[in-house]
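**Q** Sequence:
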Amino acid sequence: MKYLWILICLSIFPSIRCQRFQRRDHSLVPPYTGGWTTYGTTMISPSFVRLTADQKGSTAGISNIYPLHSRDWEVIIDFKVFGSKGTLFGDGFAFWYTDTPIKPGNALGAEVTFKGLGIFYDTYSNHNSGHGHDYPYVSCMVNNRSIAYDHDHDGNQTQLAGCHSSFRNKNHKTRTRITYSKNTLTVDMDVNHQNEWKNCISLGGVHLPTGYYLGISAATGDLTGKFNFVRLYTILT
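Heads up: the sequence shown runs through residues -18 to -1, 1 to 219, numbered per mature numbering (1 follows the signal peptide of the UniProt record, and there is no 0).
Keep in mind the hints are simulated off the structure, nothing from the lab. Since the model is a prediction, treat every value here as computed from it, not as a measurement. Keep in mind that a hint or two might mislead.
Stated by the list, open to error - Below are the DSS-like pairs computed for lysine-lysine, each with C-alpha atoms no more than 27 Å apart in a straight line:
id, residue 1, residue 2
1, 208, 180
2, 208, 155
3, 180, 152
4, 164, 180
5, 180, 62
6, 152, 38
7, 38, 85
8, 208, 62
9, 97, 164
10, 152, 208
11, 62, 152
12, 38, 62
13, 180, 155
14, 85, 62
15, 97, 85
16, 155, 62
17, 85, 208
18, 38, 208
19, 155, 38
Whenever a hint applies, use it, and build me the whole structure from the sequences.
**A** Here it is as structure tokens:
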């Protein structure tokens, strides 16, 4: 019945999208078999991927081995950021769409100079003045390797947009949704995991080539935190 409806829809409305398709080769779901490569402290279990544990000075990453050739796409990530010591966690994690698979570095676990898109989920302010916003903080940066992400200033000098989001230390999973469509970048948050999305970033005039690679990285410094990921869905829009 499902496929019959798709055929009917396409025959009547050939110019309308009748269904959005999840790409399994660009998704990271249990049991996490194939299609992704890891580095650093990344640990893959049957039910989640842990990038960092409660250990200082950790760097980790996981990257899709297949380039994404769709012009418009959407990524939904179910994750959990928590720790066993106090209320401060560091440093954070990042989502990447870059021309090559990510490598270790100081931009929340990946290289500070990159070509493509970085979405930073920063859990602690390394620069205690001049921000004007609370933490955790979500920000975005588009780069062609001409500038470097400044970890000491939390990337504030190179961010295009951002927002505060209380995704840290919840008793449940939280979600983020990154959408790129018609040269517009949108980042939404669902911190209560109830399908109640709150817009964080909406930015037009963003030009990203096709054929880049998805990735997630994380890092801890003097402060620590556990960065767990349960699912990453990639949908062609």
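**Q** Going back to the hint list, which numbers does this structure go against?
**A** none
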